[in-house]
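Visitor: The task is simple: from the sequences and hints, build the whole structure.
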Amino acid sequence: MDIELSSEDLTFTKEVRAFFEENKIKEGEDYFTWRNNWFEKAKEKGGWDVPKWPAKFGGPGWTPTQHYIWEQETTKATIPFDIPFGLGMLAPILMGYGNEEQQERFLPPIRERTVNWCQGYSEPGAGSDLANLKTKAVLSEDGTYYTVNGSKMWTTLAHVADWIFCLTRTDDSGIKQKGITFLLFPMKQEGIEVKPIITLGGAHTVNTVHFTDVKVPVENRIGEEGKGWTYAKGLLEHERTGLAGLSRSLFELENLKDLARTVTRGNSNLMNDSGYKAKIAELEIDLMATEYTELRSLASASAGGKLGPESSILKLKGTEIKQRIQKLTVEASGIYSPAWGEKSVGFPFAKGGTAGYLNSRYFTIYGGASEVQKDVIAKKVLGLTKGSSK
Amino acid sequence: MNFELSDEQKMIQQSVERFVQDNYDLNTRISLSSDNLGYSNDYWKSMAELGWLGLPFDESDGGFGGNQIDVLVIMEQFGKGLVLEPYLASIVMGGGALKKGGTESLKKEILPGLVDGTKQLSFAYAEQQSRFDLEDVITSARKEGDNFILNGQKSMVQNAETADHIVVVARTSGGQIDENGITLFLVDASSEGLSMDNFPTVDGLRASEITLKNVSVNADRVVGNVDEGFEILQSVANDAILALSAEAVGAMEVLYKDTVEYTQQREQFDHPMSEFQVLQHRMVDMFMEYEQCKSMLYRATMESVQDPKAAQRTIHGLKHLIGKSGLFVGENAVQLHGGMGVTEELRIGHFFKRLLVIDSMFGNADHHLQKFTTY
Chain S
1 MDIELSSEDL
11 TFTKEVRAFF
21 EENKIKEGED
31 YFTWRNNWFE
41 KAKEKGGWDV
51 PKWPAKFGGP
61 GWTPTQHYIW
71 EQETTKATIP
81 FDIPFGLGML
91 APILMGYGNE
101 EQQERFLPPI
111 RERTVNWCQG
121 YSEPGAGSDL
131 ANLKTKAVLS
141 EDGTYYTVNG
151 SKMWTTLAHV
161 ADWIFCLTRT
171 DDSGIKQKGI
181 TFLLFPMKQE
191 GIEVKPIITL
201 GGAHTVNTVH
211 FTDVKVPVEN
221 RIGEEGKGWT
231 YAKGLLEHER
241 TGLAGLSRSL
251 FELENLKDLA
261 RTVTRGNSNL
271 MNDSGYKAKI
281 AELEIDLMAT
291 EYTELRSLAS
301 ASAGGKLGPE
311 SSILKLKGTE
321 IKQRIQKLTV
331 EASGIYSPAW
341 GEKSVGFPFA
351 KGGTAGYLNS
361 RYFTIYGGAS
371 EVQKDVIAKK
381 VLGLTKGSSK
Chain U
1 MNFELSDEQK
11 MIQQSVERFV
21 QDNYDLNTRI
31 SLSSDNLGYS
41 NDYWKSMAEL
51 GWLGLPFDES
61 DGGFGGNQID
71 VLVIMEQFGK
81 GLVLEPYLAS
91 IVMGGGALKK
101 GGTESLKKEI
111 LPGLVDGTKQ
121 LSFAYAEQQS
131 RFDLEDVITS
141 ARKEGDNFIL
151 NGQKSMVQNA
161 ETADHIVVVA
171 RTSGGQIDEN
181 GITLFLVDAS
191 SEGLSMDNFP
201 TVDGLRASEI
211 TLKNVSVNAD
221 RVVGNVDEGF
231 EILQSVANDA
241 ILALSAEAVG
251 AMEVLYKDTV
261 EYTQQREQFD
271 HPMSEFQVLQ
281 HRMVDMFMEY
291 EQCKSMLYRA
301 TMESVQDPKA
311 AQRTIHGLKH
321 LIGKSGLFVG
331 ENAVQLHGGM
341 GVTEELRIGH
351 FFKRLLVIDS
361 MFGNADHHLQ
371 KFTTY
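As they're listed, the protein sequences go chains S and U. Counting along the first sequence from 1, when you hit position 124 you're at 124 in the working numbering, and nothing is skipped either side. Counting along the second sequence from 1, when you hit position 184 you're at 184 in the working numbering, and nothing is skipped either side.
Don't take every hint at face value.
Computed Cβ-Cβ distance ranges for the label pairs, DEER-style [said to hold, decoys possible]:
| no. | chain 1 | residue 1 | chain 2 | residue 2 | range |
| --- | --- | --- | --- | --- | --- |
| 1 | U | Gln280 | S | Ala278 | 25 to 35 Å |
| 2 | U | Pro272 | S | Ala77 | 20 to 30 Å |
| 3 | S | Glu342 | U | Ser173 | 34 to 44 Å |
| 4 | S | Thr75 | U | Ile138 | 57 to 67 Å |
| 5 | U | Ser295 | S | Thr78 | 48 to 58 Å |
| 6 | S | Asp2 | U | Ile138 | 49 to 59 Å |
| 7 | U | Gln280 | S | Gly275 | 54 to 64 Å |
| 8 | U | Asp42 | S | Pro109 | 30 to 40 Å |
| 9 | S | Lys215 | U | Asp25 | 49 to 59 Å |
| 10 | S | Glu282 | U | Ser295 | 24 to 34 Å |
Think of the hints as simulated: they come from the structure by calculation, not from any bench. In this text, a Cβ means the ideal position worked out from N, Cα and C, and glycines have one as well.
Guide: Written out as structure tokens, the structure is:
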């Protein structure tokens, strides 16, 4: 064990910093032009536009330490936004289970950020119990296409997505996990209706999606019919690691400290309030530990080639940390935290803080509720056969 | 010691409970909240007719001679429907200040209208820099002949938009955080130099930022004695904390009961969610927090009726517990409702938001914990 960075790693750090510095957005520059150029330049660096993709598919093939350095540096730099569904969630499935034709067809537009994807997993009756899904896909008699009927729920960004990757039921005669088929199809077509779900913070990010006789060519099926659950399960573990969002939390914690310093308390500010300061400190300690849990998990993944169930710890701790940051932002707003509507009242961060807190309640529900995550750890890590349920 | 409500109080409790059941389903509340006034004028009139608005005032002022226990009975039921009408701002806070410090002539002028629902009050105490410290007051009142000239800014004022008069907390002498030198004024809402910036709050209510620019107020509009207003301010704040806590207890009851019901209906993994032990224990925790809050509410309220001064420490303890436990119950109600909990469709989220706001009013859990330790 050794925390010291090798000279190669130090060189890498400098290179990353220099890249971020050189490609900062310039004043007056159009955001999307800059974004396109940024990814172009990152690609020229040798796959920096897709840091998490394996070298075989054009990724940089970094060591865990290099990934860590990259994450750390991104918290301090301005880099363009990215939507995770195609890049981080579908791409690994295509690489692992898609055929060559599918990889050639779908991976390049994901990499170029020209096609937006959404994830069709949860349904009204299939939340934590995802395998309970009922959206039906029936293969045509000639075996050339599926007809999809049913509803998906909590579909993030479905209203701006071009394509959906979708879990459908092709067989309900056996156990729930069998008979699930993984299909890809365009969102902008007849038979697909997207309805917004407005969440507590007033935001529209999730939707209900209804399918009526949507035709999907059989070549858009990933892998074999009825094996979709196996493919998705690997992805879920992947998703759960990504949801920890630690580098974002590091950034937000520092940001929160800055906000708290603008809240005057007598001759000083809120960051010197003993109660508040202690809560920030507790949060920071948890975040420091979780950062290293993530590193350990990355290291074991790169040694064993696969994420283990210990990735569940990351989602639990990471989402809890994100919620605590939001809660402390509300506390910093003090009397102004209720202010809502169009105007900015009191502190500039007050309204965003309250919206952030309300929306953050979702973090421990989606992508596998915390209770389900703990069941997974109880069963798979501690070997408790019945978990904590029943 | 006796925890039984009187027959009269039981009658009020039942009638408020019925009123909330009949008039405050979620959709009605949402449409009232986004309506012009932000509440129902008809409801307000009914509340006057039923005698609820006059309950805490003395009989000589047209009231029914009630105390904090009567207000608790009403507010707890209001909490079960997230009632929008300005009972807290107008009756408990504004009316409370007059009851405690108003001259006979001020009381004669204002209270009858308050009791019959034709007049409304508001109470402006907080300022941007004050955070939760009641004694931190910069807004100034300078004596000029028979008048005081008020200058400054008041923050997060409830019910200012529809109030006829605003009780304004201002500084007549002393330094920014001195308890001495604070004076309360009854200011006409249409006074020259008084402007309001109105906005909604996250719980569906309304608030205003108020700017006072050379607002002239006659010396006979002082509520209480000049420079000695802090005692009234603190006493109003204490009554408001008791009322808000009662509302919170009502809201927590709805949250834990709705959660118990929902988990019995919702099936996942081929079982009602209520059969999973981890969820059962969480609901037991929510129930326990609710009961503990109720106990602390009773304790603080009964102590306040007996000896307000001695009750101060308990009130700090109460508001700490309400803030902490209210969010615990709210967060877990949302968690156990899963995705549905974070939507605007179920009432769960609306109750949770109200509890979030209650924690921010008159001092959050942290503030009162620190106050508690100073005794």
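Visitor: Which of the numbered hints above does this structure break?
Guide: 2, 4, 7, 8, 9
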